[in-house]
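Asker: The lines below spell out each chain.
Number of protein chains: 2
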Amino acid sequence: MSLLVTGTVAVDTVTTPFGVSEECVGGSAVFFSLAASLFTKVRLVGVIGEDYPFEIIEIFGKKPIDTSGLESRRGSKTFRWKGSYTGDMNEAVTELTELNVLLEAPPAVPQTFQDSEFVFLANTDPAIQNGFVDQLKSAKFVVADTMNLWLDNARGELERLLGRIDMLVLNDAEARCLSGHSNLMLAAEKIFDYGPKYAVIKKGEHGSILCSKDGDVFAMPAFPTRDVVDPTGAGDSFAGGMLGYIAGKGKADFAALRQAVVMGTACASFTVEGFSINSISKVTPEMIQERVKKLKDVTQW
Amino acid sequence: MSLLVTGTVAVDTVTTPFGVSEECVGGSAVFFSLAASLFTKVRLVGVIGEDYPFEIIEIFGKKPIDTSGLESRRGSKTFRWKGSYTGDMNEAVTELTELNVLLEAPPAVPQTFQDSEFVFLANTDPAIQNGFVDQLKSAKFVVADTMNLWLDNARGELERLLGRIDMLVLNDAEARCLSGHSNLMLAAEKIFDYGPKYAVIKKGEHGSILCSKDGDVFAMPAFPTRDVVDPTGAGDSFAGGMLGYIAGKGKADFAALRQAVVMGTACASFTVEGFSINSISKVTPEMIQERVKKLKDVTQW
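Read top to bottom, the protein sequences are chains A and B.
Under the UniProt record's numbering, the residues of the first sequence are numbered 1 to 301, in order.
Under the UniProt record's numbering, the residues of the second sequence are numbered 1 to 301, in order.
By construction, these hints were calculated from the structure, which means they are not laboratory data.
Please note that the accuracy of each hint is not assured.
A pair holds if it fits inside one copy or across any two, identical chains being indistinguishable in the list.
Stated by the list, open to error - List of simulated lysine-lysine pairs, PhoX-like, C-alpha gap at most 25 Å:
#, residue 1, residue 2
1, 190, 77
2, 190, 294
3, 251, 296
4, 293, 82
5, 293, 213
6, 294, 213
7, 293, 140
8, 293, 282
9, 62, 82
10, 82, 140
11, 294, 197
12, 282, 213
Isolated chain A, as found in the complex (with noise of 0.2 Å):
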């Protein structure tokens, strides 16, 4: 079935303990694009201006991402993002953040994406979130990714977003703010009560919790490397890995969404492998088996 993200498409500039990778392709639309695509077509909601480096052709090649939602706006400037990682690289710490053309209206999602059915929510202002489930009247699965500035700064339109939406992805120091429980269980729980059906909780290098409101429960460890160069975008391409997963067979049920928890970490695992879109992008569908089956060996007993 259909599906459609909604996101950033930025230029990054990025420092890890491998080097710099200056004015490079990011946004969390592209990762999850790049990923989902391994999967099902994809439909791309976004934003750039016109002094955007790059020519998108490029970036996606000959996958089926149609990016006919990427509006390209005169007189506006590209989102960029500046950040660092060090040590065990959990966590970005960021340096410059210009958020620029996010700050205007956001892209309108054109007439034929309207029809999407499986639909992921890049983390931005719920309201904005809010405002593209308006628009997507045929949703049946609605995803949404969030951060904790909107806990602090928009907590009333995400609560209401949550109420609108089947699962949430988040990482672990997030749920733990949302909630106001340390104990990831609990704090699945108290999302539930918001509305959401499922929740995905991250937690990079340690893998990923899905918990649904029934009460299933399936953890994931990471794919365990020794090559993560760049974890830029591993959240986004865990997350089209799953979603494109499930968009492919055409379901949301527990079962499927164990097996897309896995395809996100298979995909995830090869996004922290290089800077920005460099490893991610020359996945085909045949590395993607191999590495699940590599995760079969890692975590299967």
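Following the hints, complete the assembly by docking chain B onto the known chain A.
Answerer: Leaving out everything else, chain B in the frame of chain A:
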């Protein structure tokens, strides 16, 4: 095959968000033995002072734990530890340590224990751990735990110990400190350079990773539970479940160790559900089987 543990028998005072447990049963050898005895017979080597306020028979009941290596030393005082946990309870804050009898000569390994084949050396001064290795000439599989203190203060003795053991068990912060690598796969490789064939890196609520010198890796999440009351002893009962299982099976190849990590995970998940030994001491082999079944449901795909 025979399993011997050397470690502490302590009096703990523990504060968690769920309350205070004053002057309660503690010690690495106690938690280890309670868990290991669910799978096999255990021989305990340790030392207490004449002030030890509990009856050993009441702690271990009819479990197959041979305490003839537990020395009660006249004129000495028992080791005491006071600590607290806050937030996600992943790390204890030590408030007071009274080493007492631990500053004296270590207990001797009784003649009747000297044919032990599986050995666990709980965390202590590596010079003392080396002394135990000297006495255990029949040992076929020796596992040691350690902590950051010894990395700083007894590096030489620790490196000598690493050259004499088969497996090192330590937490992720310690693995990073010992190896100088943030990446846990690289940390494990560095540990293998010192001698051990296997390493188990414990990550608290995030589970554990078992690695072999041959490149095998097994990642196991912790049991996702809402009932974390007191993490004290979780690491030692994890090791107890693990070693109890392989000593019971009489083999320690990677396939057996994989299952052993699952058993350790099950034991630790019970320990954290109560203060002190309240939960782990009531566990039966049937309860372990039931929890392993749940772990299968939570981790397998």
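Asker: Up to 25 Å between alpha-carbons, please classify residue 294 paired with residue 213: within, between, both or neither.
Answerer: between (30 Å within a copy, 18 Å between copies)
Asker: Using 25 Å as the alpha carbon limit, work out where residue 190 and residue 77 are close: within a copy, between copies, both or neither.
Answerer: Close neither inside one copy (39 Å) nor across copies (47 Å); limit 25 Å.
Asker: Can you give me the call for residue 282 and residue 213, within, between, both or neither, at a CA distance of at most 25 Å?
Answerer: Neither, since 37 Å and 31 Å both go past 25 Å.
Asker: As a check of your reading, is residue 251 near residue 296 (CA-CA no more than 25 Å) within one copy, between copies, both or neither?
Answerer: Both, since 23 Å and 23 Å are each at most 25 Å.
Asker: Have a look at residue 190 and residue 294 and pick one of within, between, both or neither, based on CA distance no larger than 25 Å.
Answerer: Between copies, since 23 Å is at most 25 Å while 34 Å is not.
Asker: At most 25 Å between CA atoms: does that hold for residue 293 and residue 213 within a copy, between copies, both, or neither?
Answerer: Answer is between; shortest inter-copy Cα gap is 21 Å, intra-copy 30 Å.
Asker: If the cutoff is 25 Å on CA atoms, where do residue 293 and residue 82 land: within, between, both or neither? Let me know, please.
Answerer: neither (35 Å within a copy, 46 Å between copies)
Asker: Since the copies are identical, ignore which copy is meant and state whether residue 293 and residue 282 lie within 25 Å (CA to CA) inside a copy, between copies, both or neither.
Answerer: This pair counts as within: shortest intra-copy Cα distance 19 Å, inter-copy 39 Å.
Asker: How would you label the pair residue 62, residue 82 (within, between, both, or neither) given a Cα cut-off of 25 Å?
Answerer: Neither. Shortest intra-copy (29 Å) and inter-copy (62 Å) distances fail the 25 Å Cα cut-off.
Asker: How would you label the pair residue 82, residue 140 (within, between, both, or neither) given a Cα cut-off of 25 Å?
Answerer: Neither. Shortest intra-copy (35 Å) and inter-copy (53 Å) distances fail the 25 Å Cα cut-off.
Asker: As a check of your reading, is residue 293 near residue 140 (CA-CA no more than 25 Å) within one copy, between copies, both or neither?
Answerer: Classified as neither; 31 Å inside a copy, 33 Å across copies.
Asker: Within a copy, between copies, both or neither: where do residue 294 and residue 197 come within 25 Å Cα-Cα?
Answerer: between (30 Å within a copy, 21 Å between copies)
The structure fails hints 1, 4, 7, 9, 10, 12 (numbered hints given earlier, in ascending order).
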